[in-house]
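2 protein chains.
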Amino acid sequence: MIQLPEVIKNAVEALTRLPGVGEKTAFRMVMNMTNWKATELTTVSSALSSLQYLKICQQCGMFADENLCSICSSEGRQSIKCICIVENASDLMAIEKSGHFKGVYHILGGVLNPLLGVGPDELKMDELREKIIKREIQDVILAVNPSVEGDATCSYLKSILPTSVMVDRIGFGIPIGGSLEYLDPMTITKALENRKRF
Amino acid sequence: MIQLPEVIKNAVEALTRLPGVGEKTAFRMVMNMTNWKATELTTVSSALSSLQYLKICQQCGMFADENLCSICSSEGRQSIKCICIVENASDLMAIEKSGHFKGVYHILGGVLNPLLGVGPDELKMDELREKIIKREIQDVILAVNPSVEGDATCSYLKSILPTSVMVDRIGFGIPIGGSLEYLDPMTITKALENRKRF
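Heads up: the sequence lines are chains A and B, in that order. Quick note: the first sequence uses numbering that gives the first Met the number 0, first residue 0, plus one each step. Quick note: the second sequence uses numbering that gives the first Met the number 0, first residue 0, plus one each step.
Among the hints, a few may not be true.
Note that identical chains are pooled: a pair holds if it fits in a single copy or bridges any two copies.
Unchecked claim - Calculated pairs, SDA-like style, for lysine to any residue (alpha carbon to alpha carbon, straight line, at most 25 Å):
id, residue 1, residue 2
1, LYS36, LEU67
2, LYS133, THR188
3, LYS8, ARG196
4, LYS189, SER178
5, LYS36, ASN193
In short, the hints are calculated from the structure, not lab data.
Given these sequences and hints, build the entire structure.
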């Protein structure tokens, strides 16, 4: 078997750290990159390295260019006294893509998971409560994914918030384009519970 | 729609340059990388950037740690007067993996393709002929992939080599584990032509 240069081995090893990239894929990528110009390699490597200087919005926890993200720095959105609580940045963007939420967000950074040592302190839930009270938020939308941990997180959040705050959880049911035939019994149960007068 | 930081956009753009990585995959990768430690990001980016310092074996064109690759620097392999001509490094490695070729290689770096402006000069075929004559090579194995351009490349190579050199092309036929039912007519034609007395 041919002994490959360290440079190649290191690059393959580096790429396998990416999600969904195994050794074969990484190797194929590196083989392709061996044909790249030095400037191209530098561009890519510095773009990836720059991720360490990514800023986080001090208010909602979203990625930001400055101290506040583009949503939190919008006065129009701040004036709406509604906050949407999500697990992570990807979930925030998914909701933002729908274009139907006009308030601000709060990124929890996870869900309560006692087995992994994630409790209310790790998710800074006290800070969140303070923020909601201080900003006189009237509506809280829990856009936390449905799972045992997600359900527990929602229950806990509801319990620590003042009773004057309206707390909703996003609706569960059949996704648009979905087919009853292929959906799991739990989703169908939820869809039946959440039926609406037609 | 939320305005994402430049840092993220650049990282996504950088990753889409990798083969088989579209915008969605790149984005998913970057989202994952936002959770990485700074040291991890530096390791990956410098490993990729180092690819520009990759050395090429002066004799066969394979990637190398030094001036010669591990195959060309092996005296045992140099002493065998047989050279295997391949299109690229991946093809070389595929043959090397089989473990049945004991001679040295020569990487062409492509095949003749007049439409793309790749002629005998671009592939340095004169140098290859000189090398074969100087090293008193007796056997040349053309391990060029079957295609119109590959066939033309093989014919051209055969025509410029001295008649004293034996030139073979690797065999075409049914791959092991392959099923006649699913193979294309061209492969079956070749397999019938290349039949062997049993």
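So, going through the hints one by one against the coordinates:
Within a single copy, LYS36 and LEU67 get their C-alpha atoms only as close as 37 Å, which misses the 25 Å cut-off; across copies the closest is 22 Å, which meets it. For the identical chains of this complex, LYS133 and THR188 are neighbours neither inside a copy (38 Å) nor across copies (79 Å), given an alpha-carbon limit of 25 Å. In this homomeric assembly, LYS8 and ARG196 never come within 25 Å of each other (Cα to Cα): the closest approach is 62 Å inside a single copy and 44 Å across copies. Proximity of LYS189 to SER178 under the C-alpha cut-off of 25 Å is restricted to the intra-copy arrangement: shortest distance 15 Å within a copy versus 48 Å between copies.
Taking identical chains as interchangeable, the C-alpha atoms of LYS36 and ASN193 are never at most 25 Å apart, the minima being 57 Å within one chain and 42 Å between chains.
Against the hints set out earlier in the document, violations occur for numbers 2, 3 and 5.
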